[in-house]
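Protein chains: 2
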Amino acid sequence: MRGNELDGGVYLSGAREQNGRLFLVGVGPGDPRELTSWARAAIAGSDLIIGLKPRIELVGGLIEGKEVKFTGISEDETGSLTGIEQEVTWAELAIQEARKGKTVALLSAGDAGIYGMAGLVFEVLQKSEEKIEVEVVPGITALNAAAARLGAPLMQDFAVVSLSDLLTPWEITAKRLEAAARSDFVIVLYNPRTQHERRCWQITKAQKILSKHRPPSTPVGLVNNIGREDEKKILTTLGRMLEHDIGLLTTIVIGNSSTFVYGDRLVTPRGYHGEYSNGKWSRYL
Amino acid sequence: MRGNELDGGVYLSGAREQNGRLFLVGVGPGDPRELTSWARAAIAGSDLIIGLKPRIELVGGLIEGKEVKFTGISEDETGSLTGIEQEVTWAELAIQEARKGKTVALLSAGDAGIYGMAGLVFEVLQKSEEKIEVEVVPGITALNAAAARLGAPLMQDFAVVSLSDLLTPWEITAKRLEAAARSDFVIVLYNPRTQHERRCWQITKAQKILSKHRPPSTPVGLVNNIGREDEKKILTTLGRMLEHDIGLLTTIVIGNSSTFVYGDRLVTPRGYHGEYSNGKWSRYL
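Just so you know, the sequences run in chain order X and V. Counting from 1, one number per residue, gives the positions in the first sequence under this note's numbering. Counting from 1, one number per residue, gives the positions in the second sequence under this note's numbering.
Simulated from the structure, these hints should not be mistaken for laboratory data. There's no promise every hint is true.
Because identical chains cannot be distinguished in the list, a pair is counted as satisfied if it fits within a single copy or across any two copies.
[To be verified] With a straight-line Cα cutoff of 30 Å, these simulated DSBU-like cross-link-like pairs (lysine-lysine) come out:
1. K280 x K53
2. K280 x K69
3. K66 x K53
4. K175 x K205
5. K100 x K280
6. K175 x K212
7. K69 x K100
8. K208 x K175
9. K127 x K100
10. K280 x K102
11. K102 x K232
12. K131 x K232
13. K131 x K280
14. K280 x K127
15. K232 x K127
If you're wondering where the values come from, they're calculated on a predicted model, not measured in any experiment.
Next up, chain X with everything else stripped away, as it sits in the complex (with noise of 0.2 Å):
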């Protein structure tokens, strides 16, 4: 149906009677506290858990009892599939398996529908014309931990962009880096390393697309290891960001022209028409 062209909405059914089920569940970034009841529930009542090691670790006692199929390949192996064949081989097992009659929960870091398994599973259903009940878990994604940790840096508008060139040309990533900064945006950045190569030509090169827009002075917020034991954080500025460690793990806020430092957070205010002064709020506008 890729392409189909649609007439004027399709109102979305419930739950359908189809074989199996598969959760597709967003744990979270690593701190087993920034789970949802709605992911432990699914992970509960699954008969299937499939995730990477430390995924599955992080869900514990849950699984206790369960079947569990390990992905058997962890963020410091590789083997001689690429990332993204890897995760073909899991999504085509959890359908197989949820196929089977089985409820099959499939555990994403983060959110399973932001960079993470979602959208290969709909892909790979779609393709193969498999029938099975698909229920996606949002999760705490980088986007909400990190936030959360550096302060609020977020309550205007933002923009989130992964460097990884693996499945996106650098073209298309550098068109909209540019877009975002040039349109004020608070800049949310993924991936600035990639996992094979560990290379750093993108952050290298995304810092100087950004810099063309916006001063060395503008607050930039690091958070390496989120949600787990060594996670570091580190208030920097634009200008000198590469100075400091950018690893695989590593989520990157980019403030924009009206973000500001308090102590040891960083925080953009809510607009541009107002501010608080005085114990009161003005309207500048």
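Based on the hints, put chain V in the right spot on chain X.
Just chain V now, with coordinates in the frame of chain X:
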């Protein structure tokens, strides 16, 4: 400290010794299953809960035996204060009560850090020079929740734009919509109508701007009253979206050039470089 230049990186500290404690808690869009364990723990561990009545009712049993201050103005009521002035009084109240040594939970719909209460609290704190410990507890926001209900539209870079012109001049919003549309971001729209006047010119203008850059057949998902009992999802197109019910509590997701419809789902494939076909992943480039 607004506008301060950072000198190359502030390494953020952990908990500090201060008077009182304030949790800024995102409670999700409305469905209690979308609360995180962290939000539950923050509420359970607080002496005083402050929030809109519907938010507080959402957390039900967690507040038994606690002091509760309803902010007294529900979504359907208007007072003599504007929305932002009301929010300032709640922020001040929460800070004052924490200042007395209490542990206070201030509840926001969705994520307190995304168009929520978090930024305002830091603005008030900065100007009043109060020192209290503030912890932002991230939550499932409309973009996570709406994307999950609709399928998997946020698998590529996306821009989040609020159409409210109460705090942001429309020219800035228009410029951002233009930039996001031109550079093939998936676009999430918050606040398509404003609370006080129930105006709809914003969404009409937004649709016109987006239509300059995307064909009328572009898939669009609307989710009304997300997380509530009367939640309703609609799949439509950019050309026909205005024929549908768009209210104060509608979240809108506009697909990019590669977003497609699969059954009753809106799916953006992961990037431009490959496709799942005939049981395997093929790279285009």
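For each hint, the structure was consulted:
When the C-alpha separation of K280 and K53 is checked against a cutoff of 30 Å, the pair qualifies only between copies, where the shortest distance is 24 Å, while the shortest distance within a copy is 51 Å. Taking the closest pair of Cα atoms, K280 and K69 come within 30 Å of each other only across two copies (21 Å); inside a single copy the shortest separation is 57 Å, beyond that limit. When the C-alpha separation of K66 and K53 is checked against a cutoff of 30 Å, the pair qualifies only within one copy, where the shortest distance is 15 Å, while the shortest distance between copies is 40 Å. Both within a single protomer and between protomers do K175 and K205 lie at most 30 Å apart by alpha-carbon distance, with minima of 12 Å and 24 Å respectively.
Taking the shortest Cα distances, K100 and K280 sit within 30 Å of each other only across copies (21 Å), while inside one copy they are farther apart (62 Å). For the identical chains of this complex, K175 and K212 are neighbours both inside a copy (13 Å) and across copies (18 Å), given an alpha-carbon limit of 30 Å. Within a single copy, K69 and K100 get their C-alpha atoms as close as 16 Å, which meets the 30 Å cut-off; across copies the closest is 51 Å, which misses it. When the C-alpha separation of K208 and K175 is checked against a cutoff of 30 Å, the pair qualifies both within a copy, at 13 Å, and between copies, at 22 Å.
In this homomeric assembly, K127 and K100 come within 30 Å of each other (Cα to Cα) only inside a single copy, at 18 Å, whereas the closest approach across copies is 61 Å. For the homomeric pair K280 and K102, the shortest alpha-carbon distance between copies (24 Å) is at most 30 Å, but the shortest distance inside one copy (58 Å) is not. For the homomeric pair K102 and K232, the shortest alpha-carbon distance between copies (28 Å) is at most 30 Å, but the shortest distance inside one copy (40 Å) is not. In the homo-oligomer, the alpha carbons of K131 and K232 lie at most 30 Å apart only across protomers (23 Å), although the nearest pairing inside one protomer, at 43 Å, exceeds that limit.
Only between protomers do K131 and K280 lie at most 30 Å apart by alpha-carbon distance; the minimum there is 18 Å, versus 57 Å within a single protomer. Only between protomers do K280 and K127 lie at most 30 Å apart by alpha-carbon distance; the minimum there is 10 Å, versus 58 Å within a single protomer. In this homomeric assembly, K232 and K127 come within 30 Å of each other (Cα to Cα) only across copies, at 28 Å, whereas the closest approach inside a single copy is 42 Å.
Consistency note: the structure conflicts with none of the earlier hints.
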